[in-house]
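Be aware that the sequence shown starts at 1, since it is given in UniProt numbering, and climbs by one per residue.
Quick caveat, the hints were computed from the structure, so don't treat them as lab data. Where hints are given, some of them may not hold.
Straight-line alpha carbon distances no greater than 30 angstroms define the calculated DSBU-like cross-link-like pairs of lysine-lysine that follow [said to hold, decoys possible]: (1) K305 - K316; (2) K148 - K305; (3) K274 - K222; (4) K274 - K211; (5) K274 - K305; (6) K314 - K148; (7) K305 - K318.
For each label pair, taking beta carbons as the anchor points, the in silico distance ranges come out as [stated by the list, open to error]: (8) S220 - P77: 52 to 58 angstroms; (9) Q212 - S112: 30 to 36 angstroms; (10) P77 - S339: 35 to 41 angstroms; (11) N92 - L195: 55 to 61 angstroms; (12) D227 - P77: 51 to 57 angstroms; (13) R118 - L310: 57 to 63 angstroms.
Here a beta-carbon is modelled for each residue, glycine too, at the ideal position from N, C-alpha and C.
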Amino acid sequence: MQQSGPFVMGSWMTGISWRGSWNRSSSSICGQSPKTTTSSWYVHNMHVSVESMLFSSRNLWDLYFSFPQTEPPLNTPENREYTAEIMFESFNVPGLYIAVQAVLALAASWTSRQLGERTLTGTVIDSGDGVTHVIPVAEGYVIGSCIKHIPIAGRDITYFTQQLLREREVGIPPEQSLETAKAIKERFSYVCPDLVKEFNKYDTDSSKWIKQYTGINSISKKEFTIDVGYERFLGPEIFFHPEFANPDFTQPISEVVDEVIQNCPIDVRRPLYKNIVLSGGSTMFRDFGRRLQRDLKRTVDGRLKLSEELSGGKLKPKPVDVQVITHHMQRYAVWFGGSMLASTPEFYQVCHTKKDYEEIGPSICRHNPVFGVMS
Numbered sequence: 001m002q003q004s005g006p007f008v009m010g011s012w013m014t015g016i017s018w019r020g021s022w023n024r025s026s027s028s029i030c031g032q033s034p035k036t037t038t039s040s041w042y043v044h045n046m047h048v049s050v051e052s053m054l055f056s057s058r059n060l061w062d063l064y065f066s067f068p069q070t071e072p073p074l075n076t077p078e079n080r081e082y083t084a085e086i087m088f089e090s091f092n093v094p095g096l097y098i099a100v101q102a103v104l105a106l107a108a109s110w111t112s113r114q115l116g117e118r119t120l121t122g123t124v125i126d127s128g129d130g131v132t133h134v135i136p137v138a139e140g141y142v143i144g145s146c147i148k149h150i151p152i153a154g155r156d157i158t159y160f161t162q163q164l165l166r167e168r169e170v171g172i173p174p175e176q177s178l179e180t181a182k183a184i185k186e187r188f189s190y191v192c193p194d195l196v197k198e199f200n201k202y203d204t205d206s207s208k209w210i211k212q213y214t215g216i217n218s219i220s221k222k223e224f225t226i227d228v229g230y231e232r233f234l235g236p237e238i239f240f241h242p243e244f245a246n247p248d249f250t251q252p253i254s255e256v257v258d259e260v261i262q263n264c265p266i267d268v269r270r271p272l273y274k275n276i277v278l279s280g281g282s283t284m285f286r287d288f289g290r291r292l293q294r295d296l297k298r299t300v301d302g303r304l305k306l307s308e309e310l311s312g313g314k315l316k317p318k319p320v321d322v323q324v325i326t327h328h329m330q331r332y333a334v335w336f337g338g339s340m341l342a343s344t345p346e347f348y349q350v351c352h353t354k355k356d357y358e359e360i361g362p363s364i365c366r367h368n369p370v371f372g373v374m375s
């Protein structure tokens, strides 16, 4: 029996909607992006949880294909069981695989590598809007005891940029200050190699470096224009000087990465330094990877030099190769890695099946095989 029907998905905050139709017999979805809709079914994606994401879409369709899902660092086994119950009982999926986001981010970085250089060992720096994690992965397994959390992410950069603009009193409508700060951050911000030299550049030739942002007052509908100067590089700088925005946290991201790797087993440290992968929108600032690699290299070389000095010159440590990997799918690395995973024939071999779930129960999803055979 064929069943089909239209639906609309949209965001109340952005006003963007997506109208489509689903066909149960062919398991296909097609759609278009309309300018206006008469009736809407909205998914608010500001704070997505397991419950809101799953239950809000269960009325649209049942899933008739194996389903990959991702989990954040240190997700509890109970959450995996809860997810399995919903997917197998409510959505009746034939197969389910719960992947670790850091592993998928590593897989996504393969787009910038030769076939022989692809590996599932590396350090993932995952930074989004709310939180930044540094996650070491060895042969597809997350070293959970060494994961570090950094209380600096995209939202903090937005707030810091907003604060800098307020201090200058540049005439931004108060109700649009946060929105304006976010737009400036995404459009103009970058990471500088040296703060003092960067200030001098703006002071000596301001016309070359200062940009202009034009917005529209939401109340009066009039245009307003502001100059964007130091905010361009001071915003992302809080990754490397977090004390600018948070006096309770003063450890630069390069030191956090170094500490994470040093806490890992000694036999995987060199591969972890050699494959530092960036993931998430807040790692997209221009020259972020270059600055991180330089600062981290200085820290590592300083330690090797100190070791040599303490030995009286008798020990000559082998240089450590430090590489920070950037690639064109960096912003959506986890999603792209999941897409790579699900498009391979081996994906169906690692999925937990509905039959296994019925025989064993939701505990079957407490452990998921490492998926390291993608080609």
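Hint by hint, here is what the structure shows:
1. K305 - K316: holds, 9 angstroms
2. K148 - K305: Answer holds: K148 to K305 is near 26 angstroms, not above 30 angstroms.
3. K274 - K222: Distance of about 51 angstroms is beyond 30 angstroms: violated.
4. K274 - K211: violated, 37 angstroms
5. K274 - K305: Status holds; Cα separation ~19 angstroms.
6. K314 - K148: violated, 35 angstroms
7. K305 - K318: Given that 30 angstroms is the threshold and the Cα spacing comes to 11 angstroms, the pair holds.
8. S220 - P77: 52 to 58 angstroms: With a Cβ separation near 54 angstroms, S220 and P77 satisfy 52 to 58 angstroms, so the hint holds.
9. Q212 - S112: 30 to 36 angstroms: Roughly 34 angstroms apart at Cβ, these two residues keep to the hinted range, so it holds.
10. P77 - S339: 35 to 41 angstroms: violated, 26 angstroms
11. N92 - L195: 55 to 61 angstroms: holds, 56 angstroms
12. D227 - P77: 51 to 57 angstroms: Roughly 53 angstroms apart at Cβ, these two residues keep to the hinted range, so it holds.
13. R118 - L310: 57 to 63 angstroms: violated, 38 angstroms
The structure shown violates the earlier hints numbered 3, 4, 6, 10 and 13.
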